[in-house]
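Undergrad: The task is simple: from the sequences and hints, build the whole structure.
Protein chains: 2
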Amino acid sequence: MAVGEFELIQQYFHREAGGEGVVLGIGDDCALLQVPEGKQLAVSMDTLIADVHFPANADPGLIAERALRVNLSDLAAMGAEPLWFTLALSLPEADEHWLDSFSEGLFAAAHRYDCTLVGGDTTRGPLSITIQVHGALTPGKALLRGNASPGDRIFVTGKLGDGAAALAALEHRFEVQEEHVQYFADQYYRPTPRLKEGQRLKSFASAALDISDGLLADLGHICEQSLVGAEVAVECLPISEPLAFYGDQCPALDWALCGGDDYELCFTVPEKNLSSVKALISMGELVATEIGEIVSGSQVLCKNFGEVYEPPHSGYQHFEP
Amino acid sequence: MAVGEFELIQQYFHREAGGEGVVLGIGDDCALLQVPEGKQLAVSMDTLIADVHFPANADPGLIAERALRVNLSDLAAMGAEPLWFTLALSLPEADEHWLDSFSEGLFAAAHRYDCTLVGGDTTRGPLSITIQVHGALTPGKALLRGNASPGDRIFVTGKLGDGAAALAALEHRFEVQEEHVQYFADQYYRPTPRLKEGQRLKSFASAALDISDGLLADLGHICEQSLVGAEVAVECLPISEPLAFYGDQCPALDWALCGGDDYELCFTVPEKNLSSVKALISMGELVATEIGEIVSGSQVLCKNFGEVYEPPHSGYQHFEP
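Protein sequence lines, in the order shown, are assigned to chains A and B. Quick note: the first sequence uses this note's numbering, first residue 1, plus one each step. Quick note: the second sequence uses this note's numbering, first residue 1001, plus one each step.
In case anyone wonders, no lab produced these hints; they're calculated from the structure. A few of these clues could be false.
[Said to hold, decoys possible] Computed footprint of chain B on chain A; a stretch qualifies when at least three of its residues, placed anywhere within it, have a C-beta under 8 angstroms from a C-beta of chain B:
no.: 1; region: 21 to 34
no.: 2; region: 74 to 81
[As the list claims (entries may be wrong)] Pairs of lysine-lysine residues, derived as DSS-like cross-links and limited to a Cα-Cα distance of at most 27 angstroms, are as follows:
no.: 3; chain 1: A; residue 1: 196; chain 2: A; residue 2: 278
no.: 4; chain 1: B; residue 1: 1202; chain 2: B; residue 2: 1141
no.: 5; chain 1: A; residue 1: 39; chain 2: B; residue 2: 1039
no.: 6; chain 1: A; residue 1: 303; chain 2: A; residue 2: 196
no.: 7; chain 1: A; residue 1: 141; chain 2: B; residue 2: 1039
no.: 8; chain 1: A; residue 1: 202; chain 2: A; residue 2: 39
no.: 9; chain 1: A; residue 1: 39; chain 2: B; residue 2: 1272
no.: 10; chain 1: A; residue 1: 141; chain 2: A; residue 2: 303
no.: 11; chain 1: B; residue 1: 1272; chain 2: B; residue 2: 1196
[Claimed, not checked] Here are a few chain A residues that sit away from chain B, every Cβ distance over 10 angstroms (derived from the structure):
no.: 12; residue: 59
no.: 13; residue: 90
no.: 14; residue: 124
no.: 15; residue: 177
no.: 16; residue: 179
no.: 17; residue: 233
no.: 18; residue: 242
no.: 19; residue: 244
no.: 20; residue: 285
no.: 21; residue: 302
In this text, a Cβ means the ideal position worked out from N, Cα and C, and glycines have one as well.
TA: Okay, structure coming up:
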């Protein structure tokens, strides 16, 4: 059974929300929002397109979870606290089962990360999802890309390479055993936006971003904007147990370096804050691994136990140069 | 010559902006924005999809102008003042001529309406444009849809029907003379967001919205949310001279009632403010026409010189029920 555009919004996306600062939510020409007193607004927008960013026939609830989580990852990378999001959903047809599942996944992630849907647009067209997230930040406290200095140590949260492994598994380029199927599917569709970590790091890190295009490409962005180089000790890269299990059957190291889709934070820590960050890590309050050092110059160099290591390529771009 | 994703953003969309309240623009994980002191934020998001909302082979500069202008129209309808916008652009390929023209049109409209591009996303995929606009509003001063009362008079700004006529002309369903081609193309691609009018009306109107789906459909939204009905005097509908010129060769009246794409404001004025609004109109400070009255009930009824008039259909929906 088909539904009309206005009924669709009403039925699937118009939930009584009452999130913090929502003066007026879905249903008028604009949403009206009150940014918390004394805070700045952090906004980021990401589009996910069928068969570019996810398989078109994927579980709609998982597509929605991924769409919101990868957007929230950008707030995490600035150290911002989630407030609201908007959704532009383009759909070939108004399929109720699809919408049911999609909206369930969307609101599950929204609820988990305390981010309220306040508006958007539904249109008929090729399947794609654009989300804009809005977060709050104390002025002067954002984690930027441009403040790394030579001597700063480079860290990453969590594990690297699972995103690329998961995509390879979904695309049947990488065969995983039954017991690991769910693990990798979760890494792809339900990445964890490192919001707590980002907020924690605001006092200690000199630069940070989230790893969406691959560690080397994203670390390259820190280097460009900070006018520095970097040395990565590839033997230190944190690899998950499930991925390590397939270590000799897949390019785990290259996935960790270049794979993308990990949505972990890569951040740099100046010498003076190093003991604080290491203390957080040893107390279990921050899951992060030191993987290298910022150097002068402009290159990102990889070494494996001291020997120069040449990775295969340098990260995903939508329009290859 | 193809360009990479990051070069594309740098080359076409990264202009030194320095708009009001832009703490950090394009280039990091998030933009950082400072909402003006004492103001609320009004946000709205609209997607335009090739061959749904514009011909895929249209002039890219005009596509961009239309995309930003129709979004700004939502700010106008709330009485908000434009601040910033974000752009999610999905493109089949990174064609430099297309991008040149698109970005020129985009920044022309942005400059004209003093709205700064602060971020977004470029992806490879079917051609579509999603824009989110951000505006500022004094708390309690927004023009909402839900406050119309029986006895309020109904007004529209500008002229109606040109949007539908323009689309028909572009699609060769309506033949216009050489001298009118530019006029109608402008109505379609460069509609005027009624920002000044919306800000002016905040003190006088009880309800307002912008006419994107057609007068009757949009007036229906005011009625639903205000729990009222409406009577429209179709003989009073303001028709432009160029459209009136083709009066007997096209369904001008039905286009004005149901056509959509006009982006004029429809607003209601309580008796007590009627003389103020009429004074603004007679002094030439507001271009608007009285077209009917809010009544009790829930129906939108059309009359032509007092006789009930049945319009052909009731407005555009992306997913027909």
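Undergrad: Are the hints correct? Go through all of them and say.
TA: Consistency of the hints with the structure:
1. Requiring three or more residues with a Cβ within less than 8 angstroms of a Cβ of chain B, the coverage given for the region 21 to 34 of chain A holds, as 10 such residues are present.
2. Residues of the region 74 to 81 of chain A with a Cβ under 8 angstroms from some Cβ of chain B number 5, which satisfies the need for three, so the listed coverage holds.
3. This hinted pair checks out: residue 196/A and residue 278/A have alpha carbons roughly 17 angstroms apart, not beyond 27 angstroms.
4. A distance of roughly 6 angstroms separates the Cα atoms of residue 1202/B and residue 1141/B; the hinted pair therefore holds under the 27 angstroms criterion.
5. At most 27 angstroms may separate the alpha-carbon atoms for a hinted pair to count; residue 39/A and residue 1039/B meet this at roughly 13 angstroms.
6. Among the hinted pairs, residue 303/A with residue 196/A is inconsistent with the structure: their alpha-carbon atoms are about 31 angstroms apart, more than 27 angstroms.
7. Restraint check for residue 141/A and residue 1039/B: satisfied, since their Cα atoms lie roughly 22 angstroms apart, inside the 27 angstroms limit.
8. Our distance criterion of 27 angstroms between C-alpha atoms is met by residue 202/A and residue 39/A, whose separation comes to about 15 angstroms.
9. Proximity of residue 39/A to residue 1272/B is assessed by CA-CA distance (about 40 angstroms); at most 27 angstroms being required, the pair is judged violated.
10. Straight-line distance between C-alpha atoms of residue 141/A and residue 303/A comes to about 33 angstroms, which puts the hinted pair past the 27 angstroms bound.
11. Taking the CA atoms of residue 1272/B and residue 1196/B, the gap is about 22 angstroms. The hint holds against a cut of 27 angstroms.
12. Every CB of chain B lies more than 10 angstroms from the CB of residue 59/A, the least distance being 20 angstroms, so the non-interface label holds.
13. A Cβ of chain B approaches the Cβ of residue 90/A within 10 angstroms, the least distance being about 6 angstroms, so the stated non-interface status is violated.
14. At the 10 angstroms boundary, the C-beta of residue 124/A falls inside the reach of chain B, the nearest C-beta of that chain being 4 angstroms off.
15. With a least beta-carbon separation of about 33 angstroms from chain B, residue 177/A lies farther than 10 angstroms from that chain, consistent with its non-interface assignment.
16. With a least CB separation of 34 angstroms from chain B, residue 179/A remains clear of the 10 angstroms interface cut-off, as annotated.
17. For residue 233/A, the shortest C-beta to C-beta distance to chain B comes to about 25 angstroms, beyond the 10 angstroms cut-off, and the non-interface label holds.
18. Against the 10 angstroms criterion, residue 242/A stays outside the reach of chain B, whose nearest CB is about 28 angstroms from its own CB.
19. The non-interface label for residue 244/A is consistent with chain B: the shortest C-beta to C-beta separation is roughly 29 angstroms, beyond 10 angstroms.
20. A cut-off of 10 angstroms between C-beta atoms confirms that residue 285/A is not in contact with chain B; the least separation is 23 angstroms.
21. The beta carbon of residue 302/A sits about 21 angstroms from the closest Cβ of chain B, which is more than 10 angstroms, so the claim that it is off the interface holds.
Going down the numbered hints, you'll see the structure goes against 6, 9, 10, 13 and 14, while the others check out.
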